[in-house]
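There are 2 protein chains.
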Amino acid sequence: MTRFFETHREMLDKALAAARDRGYWSPYPEAPSGKIYGETAKDDGEAAFTARLGNSFALAGHPTNGELVGKEASPFGLPLEITYPAADIDQLIGASKTAGEAWILASVEERTGVCLEIIHRINKRSFEMANAVMHTTGQAFVMAFQAGGPHAQDRAVEAVAYAYAEMTRNPATATWTKPQGKHDPIVMDKEFRILPRGIAVTIGCATFPTWNGYPGIFASLATGNSVIVKPHPTAVLPLALSIEIGREVLREAGFDPNVLLLAADEAGTEITKDLVLHPEVAIVDFTGSNSFGQWVRENARQAQVYTEEAGVNSIVVASTDNFKGMCGNIAFSLSLYSGQMCTAPQNIYVPRDGIETDAGHKSFDEVAEGIKIAIDKLLGDPARAAGICGAIANPATLERVKQAGSLGEVIRASEAIEGLDGARTATPMLLKIDAAQSDAHLEERFGPIAFVVAADSAEDAIARAAQSARDKGAITAAVYATDEATLDKAADAFSRAGVSLSCNLTGNIFVNQSAAFSDYHVSGANPAGNACLTDAAFVANRFRVTAIRRHAAA
Amino acid sequence: MTRFFETHREMLDKALAAARDRGYWSPYPEAPSGKIYGETAKDDGEAAFTARLGNSFALAGHPTNGELVGKEASPFGLPLEITYPAADIDQLIGASKTAGEAWILASVEERTGVCLEIIHRINKRSFEMANAVMHTTGQAFVMAFQAGGPHAQDRAVEAVAYAYAEMTRNPATATWTKPQGKHDPIVMDKEFRILPRGIAVTIGCATFPTWNGYPGIFASLATGNSVIVKPHPTAVLPLALSIEIGREVLREAGFDPNVLLLAADEAGTEITKDLVLHPEVAIVDFTGSNSFGQWVRENARQAQVYTEEAGVNSIVVASTDNFKGMCGNIAFSLSLYSGQMCTAPQNIYVPRDGIETDAGHKSFDEVAEGIKIAIDKLLGDPARAAGICGAIANPATLERVKQAGSLGEVIRASEAIEGLDGARTATPMLLKIDAAQSDAHLEERFGPIAFVVAADSAEDAIARAAQSARDKGAITAAVYATDEATLDKAADAFSRAGVSLSCNLTGNIFVNQSAAFSDYHVSGANPAGNACLTDAAFVANRFRVTAIRRHAAA
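Keeping their order, the protein sequence lines are chains A and B.
Numbers 1 to 554, taken from UniProt numbering, label the letters of the first sequence in order.
Numbers 1 to 554, taken from UniProt numbering, label the letters of the second sequence in order.
Hints in this document: simulated from the structure, not taken from any laboratory.
One or more hints might be untrue.
Any copy, or any two copies together, can satisfy a pair, since identical chains are not distinguished.
[To be verified] As a list, the in silico DSS-like pairs of lysine-lysine whose alpha-carbon atoms are at most 27 angstroms apart:
hint, residue 1, residue 2
1, Lys402, Lys472
2, Lys35, Lys14
3, Lys14, Lys178
4, Lys472, Lys489
These figures come from a predicted structure and were not determined experimentally.
Kindly generate the complete structure, drawing on both the sequences and the hints.
Quick look at the structure:
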């Protein structure tokens with residue numbers, strides 16, 4: 001049945017066009033507005049979330065070993081006490097394989113329609129999702145709504161669009177007519193079939209469970225693989241909700257809902273390693289640390305493995321015609337979700353002798369001070385600070401901030417946010433170091449820790465930042481320069497290091513932000529990940545093509 | 001300079017259209033005809049080949065450690081005594097990296113043009129190539145011309161076309177305009193750059209050095225990687241010739257010819273392992289045995305690895321309305337190049353109780369006898385036998401044939417071909433076994449060894465053949481059946497096993513043949529290889545995309 005495909009066909013066509021043009025487009029409004037999502041949507045979403053608290057999350061027909069697991073705790077201090085059905089690996093694999101039999105044979109249109117309907121229904125529940133993302137990741141509400149809701153849904157639609165484009169690039173049938181000189185030609189009828197790889201596993205992360213999880217989940221689903229989702233133990237709910245919705249749509253479309261499964265576990269007794277090593281697992285999508293990413297890449301040898309790991313993102317400050325705008329922009333990038341983004345900058349390289357600006361020459365210290373003041377100003381109002389920084393997902397991040405004071409000269413200390421007393425919070429810590437004297441900035445310091453790094457010159461800054469991207473990985477980079485020569489040098493250096501570069505951002509757009517249908521997220525060309533989440537290569541290998549040929553009827 | 005691109009643009013457009021439609025198309029005529037290639041082409045090619053004999057193969061500007069290597073010997077008995085410049089791994093990697101710097105930065109059109117010009121010039125030398133392929137692989141002359149010449153060139157053009165399509169799918173620039181409600185929109189100019197992975201290595205095989213080598217070589221070259229070609233020690237000349245031509249074109253186009261390098265070695269002192277393990281090697285294309293393929297996959301962890309390995313191909317005989325045509329077609333498939341094709345069938349499954357045919361019921365033994373007689377008839381004339389079977393590339397294959405007699409009941413013994421006395425030759429050996437009593441047929445027996453295998457029924461035959469493909473890999477399968485139900489069952493079973501299926505072939509087309517621009521060669525979905533040589537996935541991961549974004553000028 002292709003009812004869902006017909007329903008969403010127009011949207012799919014727009015998505016395909018956007019992915020080709022790479023201009024701005026989004027099917028889902030990012031504003032958490034009652035005018036868009038319904039006047040009662042905010043309250044309904046909160047009520048739905050609240051109703052989950054203290055309860056067991058039921059998934060009808062889902063395999064289970066009878067145990068209930070789940071120890072999520074909100075970084076904002078709210079007790080969640082939600083449990084999820086646990087299942088043994090063999091139960092998950094068995095159910096996934098059984099359910100996959102019909103899913104594999106479904107048409108491209110059927111699968112595409114089901115995926116788009118799932119995303120559509122997830123969108124309608126964006127307020128519920130916002131609460132779930134907020135209270136598992138520590139994102140402030142508006143960010144949790146946007147990044148966990150519409151922006152994540154954009155990424156899901158994008159994955160489905162790439163998959164659809166890839167699967168329909170070649171005809172389902174062809175007639176092959178080979179001339180034979182004076183004789184009759186040989187005429188063969190050919191049929192081409194899409195063959196999914198089998199079972200796919202997505203390993204979720206603690207900070208962006210939906211935004212980072214959806215690309216792999218929907219790319220695999222759309223290409224006919226059944227999917228087992230293994231959320232991070234601290235951020236299960238957003239993916240469990242997504243799975244619940246997905247299973248509902250699968251069932252309505254006549255498929256076994258076990259095409260989409262939840263592999264819930266708890267910290268300390270994770271099942272991830274056993275799951276990804278299972279010989280029936282053919283695809284793994286992973287978001288998380290370099291160390292576990294490396295383990296997955298090296299051990300899940302039977303599977304195609306796509307990773308987004310971590311890196312050290314840099315900003316090079318060479319010169320600017322808008323000093324205030326630059327400092328404000330950088331301050332926001334450092335503060336947003338307290339630096340817990342894979343795209344957040346860590347190192348701000350500035351020439352030791354200072355830079356030229358619209359406000360005259362600024363010494364290295366003055367640049368550092370300008371950024372500090374911009375952070376102070378941005379976060380001066382506690383309510384605003386809470387809305388930007390949110391809370392800290394992992395207690396280890398707070399500990400890291402405490403330890404970081406010894407790594408350089410502290411320009412700005414990290415502080416808790418007033419009024420969020422039950423929450424784990426930390427505003428950005430800013431340190432000064434000299435690249436000639438310290439390597440402290442070359443390690444990833446995940447969270448609200450940033451370094452203003454003295455370099456010999458703009459060229460030296462570019463070279464150091466690009467080398468750091470090659471060595472440790474990086475997803476984003478930014479440069480501020482008023483001359484084309486420096487911008488060109490930065491473009492060449494960061495491109496060759498596999499990093500996306502933003503130039504002279506001063507307005508309401510930030511280096512942390514990756515736009516669906518336009519930006520390539522992760523290049524796959526440095527240690528920050530082995531795959532791009534947003535290109536044809538991300539989907540092209542999730543299925544294969546087989547063919548049947550026969551003589552055409554005379 | 002894009003002169004070469006303009007020259008070949010029309011051909012490229014046709015190739016792109018053919019790859020989309022998957023109908024018949026070829027840019028290069030397969031007939032070894034003087035009318036097409038020039039009246040003196042045959043003699044010129046032979047003379048050029050002969051001039052190589054006993055000499056050192058010079059490659060101007062190629063890195064070398066001063067040693068000369070090479071111990072190729074024609075399976076037809078002709079002494080070759082050609083030596084090639086050897087180089088240390090570090091010399092090869094260093095030269096490749098240096099040459100790659102400018103190649104990486106070349107435009108898509110520049111690189112595409114250079115690749116198509118190389119292929120064009122290789123085509124002009126198809127007669128010389130035919131001699132080189134014949135006297136390294138043992139293919140008979142016409143086959144060496146076709147498979148080593150135009151058909152291999154087709155595959156090269158195909159790889160370039162896929163690469164071009166993939167690189168140009170996304171725009172080089174985009175404008176991203178995000179509405180901001182009542183405020184001015186945010187407008188960003190974006191630039192997208194192709195970032196090749198780096199250095200690619202192609203490991204050639206002994207039987208189809210060009211046909212199997214070109215896809216990886218040209219897919220990597222076109223996507224901006226510099227390429228090191230490591231031929232099989234027994235089949236260096238065809239690839240050395242190709243490299244010589246490639247370097248000439250690169251030089252003319254203003255590039256360092258070391259973008260394309262030869263890594264020559266000798267049996268017993270192969271440099272393959274050290275080469276593919278080098279940390280700078282980012283892509284490996286391998287054609288060869290499962291055991292070495294597995295080694296490469298498991299050890300060249302720093303690289304994207306594409307393999308075509310081996311498998312056990314099957315034919316299921318369920319019924320036929322053209323018994324004679326079927327037997328003749330199977331006989332040719334078994335005889336062509338003495339079964340030394342990755343696409344050649346090994347096992348012919350026939351129901352134990354026989355089959356219905358246009359010539360009445362045929363018992364199992366009568367089917368086996370029919371195939372035997374067809375082989376005898378096909379190869380009855382020694383000259384014709386020589387033209388079909390050619391010679392045996394590897395002495396170990398002859399040894400394997402000798403040992404195979406004990407594996408079942410020999411219906412037809414393998415014999416040397418009269419009149420090819422200096423050559424290693426062997427016509428097909430045909431054995432009978434019962435699948436209920438023997439597993440001898442389940443191992444790959446590379447070369448002219450085939451089994452007629454008794455199965456319980458057509459269904460049992462399909463199930464056994466498909467299972468064998470899953471377990472041991474398979475690239476091709478064929479089925480003979482007069483009813484749609486059996487054909488459908490075979491289509492489902494072989495598709496799910498990742499094997500391309502040919503139905504009821506009786507004319508001048510054979511299960512061994514894979515047509516450029518139409519057939520998918522290797523599915524990547526069973527142990528016969530991890531990649532398809534002829535789809536978007538084969539090229540999409542050879543490069544990455546990086547981006548530069550900045551505020552649009554107001």
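Status of each hint after checking the structure:
{"no.": "1", "hint": "Lys402 to Lys472", "result": "within (23 angstroms within a copy, 56 angstroms between copies)"}
{"no.": "2", "hint": "Lys35 to Lys14", "result": "within (23 angstroms within a copy, 52 angstroms between copies)"}
{"no.": "3", "hint": "Lys14 to Lys178", "result": "between (38 angstroms within a copy, 16 angstroms between copies)"}
{"no.": "4", "hint": "Lys472 to Lys489", "result": "within (21 angstroms within a copy, 52 angstroms between copies)"}
Of the numbered hints stated above, none is contradicted by the structure.
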